[in-house]
Amino acid sequence: MSASLAPECNEVKERYDTCFLKWYSEKYLRGNGKTDENECASMFKEYQKCLQVALKDRKIDKLLDEAREDSKDYDTIHLKRK
Amino acid sequence: MVLTHTTNHSYTHPFPTVTLAFFLRYYSPQLNPFSAHVLSTDTIDSHVDPETGRLHTTRIHLKKSRMPSAIIKLLPASVTGGAGEKSSYVLENSIVDIKEGWMKTESRNLNFTGVLSADNSTLSSAVARPLSPNTWVSTTFSYRSSLGSRKTDKAAANEENSRGRFGWISGWGAKRIQSSIESIASNKTDDQIIKSRDGMKMVLERLRSNGVVAVLRELNRREGKSVFEA
Chain A
1 MSASLAPECN EVKERYDTCF LKWYSEKYLR GNGKTDENEC ASMFKEYQKC LQVALKDRKI
61 DKLLDEARED SKDYDTIHLK RK
Chain B
1 MVLTHTTNHS YTHPFPTVTL AFFLRYYSPQ LNPFSAHVLS TDTIDSHVDP ETGRLHTTRI
61 HLKKSRMPSA IIKLLPASVT GGAGEKSSYV LENSIVDIKE GWMKTESRNL NFTGVLSADN
121 STLSSAVARP LSPNTWVSTT FSYRSSLGSR KTDKAAANEE NSRGRFGWIS GWGAKRIQSS
181 IESIASNKTD DQIIKSRDGM KMVLERLRSN GVVAVLRELN RREGKSVFEA
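Protein sequences, first through last, are from chains A and B. For what it's worth, the UniProt record's numbering labels the leading residue of the first sequence as 1, then goes sequentially. For what it's worth, the UniProt record's numbering labels the leading residue of the second sequence as 1, then goes sequentially.
Read the hints as simulated data drawn from the structure, not as lab findings. Model, not experiment: these values are computed from the prediction. Some clues are possibly wrong.
Said to hold, decoys possible - Only pairs whose alpha carbons sit at most 20 Å apart, straight line, appear in this in silico EDC-like list of lysine to aspartate or glutamate: (1) A/K59 with B/E92; (2) A/K22 with B/E106; (3) B/K201 with B/D190; (4) A/K27 with B/D97; (5) B/K99 with A/E26; (6) A/K56 with B/E92; (7) A/K62 with B/D45; (8) A/K27 with B/E100; (9) B/K195 with B/E106; (10) B/K64 with B/E92; (11) A/K45 with B/D49; (12) A/K22 with B/E205; (13) B/K64 with B/D191; (14) A/K49 with B/D45; (15) B/K63 with A/D61.
Claimed, not checked - Listed next, with one range per pair, are the computed distances between beta-carbon atoms: (16) A/S42 with B/T6: 40 to 46 Å; (17) A/D57 with B/T58: 15 to 21 Å; (18) B/S209 with A/R30: 17 to 23 Å.
Unchecked claim - The following residues of chain A were derived to be distant from chain B, with all beta-carbon distances above 10 Å: (19) E8; (20) E11; (21) K13; (22) D17; (23) E39; (24) S42; (25) K49; (26) V53; (27) K56.
For glycine and all other residues, C-beta sits at the position ideal for the given N, C-alpha and C.
Bound-form chain A, shown alone:
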């Protein structure tokens, strides 16, 4: 089982991952995964509650913001050119 970057979130992450993979293979891939309100939604919320704190503590939230800004710059320079 792959670990979370925050060991304190491992347990909720594992529950969500297992649910997601089951939902993905048994429902989504068979064309039955149309909405977000699936059986994994509450587990995802629990997991995010734990993870978001960890991302802030490790200042990864700032890296994410920078990456979004950076990819905007990159798109303007490289993708608009024809």
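Assemble the complex: chain A is given as a structure, and chain B must be docked to it using the hints.
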């Protein structure tokens, strides 16, 4: 400067299985021995677009860095991002369209951004034959280093005030370090592509002989067992 490298490949597995293997590829080194450098994997976003039925997923992986520590030691924390000197955060975005039979993925470095970004876009497609036994993949790696660019200069200036170290790098040393990083990046690319394909193939074989639920059960059983044995 941007370097790009595109390769094409096909897996002898149907499209849905390949997309599942993509999500599973860092799940466990027991499933994919080539994933031992992946320290953690977290999902930060996952939703199905109600209009298109496409699944959008964003994950953050923490990987051991492939960059030589001699170079990392020269770089200030503003560039390495402070994830520890030998590891780097990778942001992975993916979109699966099961109806149309394609998947797009993109990965980029979160730290080391001023130095090197490896964007890896993969397109897996069943080419209008959803039940085709093969899946085609096209992968483009691009490396961009921006040492000495406006954004990095600003970071460098801040760092110079606090440490007086990066000023030297953004001066005459920048070009040299940049070109050495770029050559390391492009030399390692082929090796990396082969390893990542071999890893995908091992996951795919496991999925072919067992379903995903059986594969997960087996992994959990083994992990549980090793806990009792220890």
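Notebook entry, point to check: Which hint numbers doesn't this structure obey?
Noted result: Numbers 2, 21, 22, in rising order.
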